[in-house]
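S.K.: These are the residues of each chain, in order.
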Amino acid sequence: MTLLTKRFARMSPAARREALTFYVCILPWLLGFIIFVAYPMFRSLYLSFTNYQIGRTPIWIGMANFERLVQDGNFWQSLKVTALYTLGSVPGSTILAIGIAMLLAQKVRFVSVWRTIYFLPSVVSAVAVAVLWSYVFNPEYGLINSLLALVGIKGPGWVTSEDWALPSLIIMSWWVIGGQIVIYLAGLKNIPNEFYEVADIDGAGPWTKFWRITVPMLSPTIFFNLVIGFIGALQVFEGPWILSGGRGGPNRATLTYMMNLYKQGFELGSLGYASALAWVLFVIIIILTALIIRSSSFWVYYEAKR
Amino acid sequence: MYVHRLTRYYLVGLVITSLISALAVGFFLPRQVVAQDASVTITLGSWDDENGNRRHLAAIEDFQAEYPNIHVEIQPNPGGDWHSRILTLIAAGELPDIYMVDSSYIPLYVESGGLVNLRPFIEGENGFDPEELFYPSVYENGFYKGDPYVLNKDYSTVAVYANRSLFEAAGIELPQEGWTYDDLLDIAMQLTVDANGNNATSPDFDPENIVQYGMDHRGDWWRGFQTTIYSFGSHTISEDGTTLDGYLNSPETIAALEWMQDAVHKYHVAPTNNFILAQPGGVMPLFLEGQIAMVFGMGPWFLSMLEETPGFEYAILPMPHGPGGHHGAVCWAGFGMSPTSEAKDEAWLLLKALATEIGQRHYSEHALSAMPAMMEDKVDHPFWSTFIAEVEYLDPLDDLRNPYYLQCVGTPAGQQITAVLFGEEGANIDAAELVNSLLPEFQQCMDQQGMVESSAEEASS
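Chains as they are written, first to last, in the working numbering: chain V, 19 to 324; chain Y, 153 to 613.
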């Protein structure tokens, strides 16, 4: 008998029934996880070591796919674009979300209306958002350049310019921060008011209260949003795809990692190579997440630990 | 007891949910509509929108009248990424029996096992003589490595849409067959006008205030520019599809790129690629508004726009001759057969019908047909005649020489060569240096597909 069956045999009938109930209850989720998550993951890990062209049988080639990506210019370009996008998108959206959440935490009239307005962009489809921004960023007729022209400034080419295409994407990413705002709002509500009252008594100014009370108390929420934000930013796809017409241009300026992966898999049919790319990204995300978690002991304040 | 009851309720709920889900899946699964007396049902995959599918339906109706025992069901996919869908269906083994194919993808689909070699069918009992039916240069665009895999539905040749009114106002005669790229530049300079009414030949011409351009260019669309490259006397890849060096960077290819680069930056007769990209509707609205006098049009697709603009006078001009002569590239779509079709004989009958009279009488209403017989009444038409005449000058497409040409060369070259050279920052870029800097990467992309395949062959041997 195995260890599990031995343990099972030693359990009382009531405990056995309870254990069985547990497994029956989680069975649908477990099956779904195995079929739709675990199996595809491990299958793609296997495929990353094969030459698997669509329509053919996968053939084991060892590390050839990983050696290939080291020499692949598109791999390095997409990694660079994605890294720059992440560095611009995540901190920027964090700062904006905290700022807006602090404004929405004020006791003002119609605050629920304001909260709804700021959350609305988050419920609009990413495709619709990207199409909308493609009009806003239009260098000839777009809203931004039209407003700049009113004050005599010739706006940049935005998505048609190699230098401005990526900043355009970053700016677009700052628009859909409604989800983060809601989370920060909840975090702000959890900060005891007494802390601010004591600070007021001690003569602390607004900035001091912000840096010494708000930020530390909000740090667990910031930590959570940072981890989620980085994971999401490293996998960005819809916005760049729509804005660049699926080409990653101009001149690969918006070729993100996921776009390159999609092209390899579904335009070139190189599923083995695309699987290798997917696993490299997975490792990068794991390492980055581990680094953020490791760093959290230096800057994340958990009140319960006191 | 309580746990027992909960478990019972839960299990009952789970079973009921599973049954409902199974019923729902069965209800919503696509069902094949089988006519009562149909012995075979075959599927036709189409990327067309509603208008395009109307023509398919009309052709299918005529086909079914002739073959009442074969029922055809259309599987439309309008607006979606057709190529990715086809690759996915190839992987799943669920291709439609017959499906639409862009000629650029023929080599990749063949290498992926997604297309049937049609030679046995063409030369078989229910075949035909292609030389009697089709324009050879059009028919051969469905070939890969010497065998036919796709039969043509329709295609586009390149011609120049010209604003006749602007020509008349400038006192310029419409060019005829035999005109050159030098003539094109000369005419474009006369038709490029600034806000003060000076054209580009005038010493007072202000290139910062152009209100009317003489011509456009194909921007980042490499296929559109291939016509110019062929006319300058080169192709961009060797005939065996393995080598770019000496072709993509040949003196003739560089000369073609430099010609257009000068047209944009030195002579200012064409707008920058950035300007074109910024236009929501592309260049045709600018053409109709008189802001661009000549537009390289890939096909007759803008006829309806012209007809919807009353009073607009236009002419369709032949493509100019380059130093290498008069050559053209084609955009081409057709029908291929899936290797997984379980009714290949019936599928062949449909494919043949769509590519020949039954289908072509419907498709040729709005497009060019590979059958000269379908084009007879358009040969002298002021709009269609030039596009038809361009068939004579078609070159075999470079895309058909390598399964990965489009993805490794065509699309990147448009993004990183023509878009850059004809873009705002392209004035001082050395075309030869740019191409030579990118060529190794394009070659490596094609080779890497082959390298991995070689590794696989070594591993399996």
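Careful, some of the hints might be misleading.
[Unchecked claim] Footprint (simulated), chain V over chain Y, 3 or more residues, beta carbon under 8 Å: (1) 160 to 170; (2) 208 to 214; (3) 238 to 244; (4) 257 to 268; (5) 569 to 580.
[As the list claims (entries may be wrong)] Part of the chain Y face toward chain V, derived, beta carbon under 8 Å: (6) D372; (7) W373; (8) S589; (9) E593; (10) Q596; (11) Q600; (12) Q601.
No lab work stands behind these hints, which were simulated from the structure alone.
Ideal Cβ placement from N, Cα and C applies to all residues, glycine included.
S.K.: How about W373(Y): closest beta carbon in chain V under 8 Å, or not?
M.R.: 11 Å, violated
S.K.: Using 8 Å as the Cβ threshold, decide whether Q596(Y) counts as touching chain V.
M.R.: 7 Å, holds
S.K.: At a Cβ distance under 8 Å, does chain V reach at least three residues of the segment 257 to 268 of chain Y?
M.R.: holds (count 5)
S.K.: How about the segment 569 to 580 of chain Y: do at least three of its residues have a C-beta closer than 8 Å to a C-beta of chain V?
M.R.: holds (count 5)
S.K.: For the hint on Q601(Y), just tell me whether its beta-carbon gets within less than 8 Å of chain V.
M.R.: 7 Å, holds
S.K.: With a cut-off of 8 Å on the beta carbons, see whether E593(Y) makes it to chain V.
M.R.: 5 Å, holds
S.K.: Count the residues of the segment 238 to 244 of chain Y with a beta-carbon closer than 8 Å to any beta-carbon of chain V: does the count reach three?
M.R.: holds (count 4)
S.K.: Min Cβ distance, S589(Y) to chain V: is it shorter than 8 Å?
M.R.: It is violated, given that the least Cβ distance between S589(Y) and chain V is near 11 Å, above 8 Å.
S.K.: Do three or more residues from the segment 208 to 214 of chain Y put their C-beta atoms closer than 8 Å to C-beta atoms of chain V?
M.R.: Violated - the segment 208 to 214 of chain Y has 0 residues with a Cβ nearer than 8 Å to chain V, which falls short of three.
S.K.: Closer than 8 Å Cβ to Cβ for three or more residues is the test here. Does the segment 160 to 170 of chain Y pass it with chain V?
M.R.: holds (count 3)
S.K.: Under the criterion of a CB-CB separation shorter than 8 Å, is D372(Y) in contact with chain V as hinted?
M.R.: 7 Å, holds
S.K.: Does Q600(Y) pass the interface check with chain V, least Cβ-Cβ distance below 8 Å?
M.R.: Interface hint status for Q600(Y): holds (5 Å vs cutoff 8 Å).
Figure legend: structure checked against the earlier numbered hints; hints not met, in rising order: 2, 7, 8.
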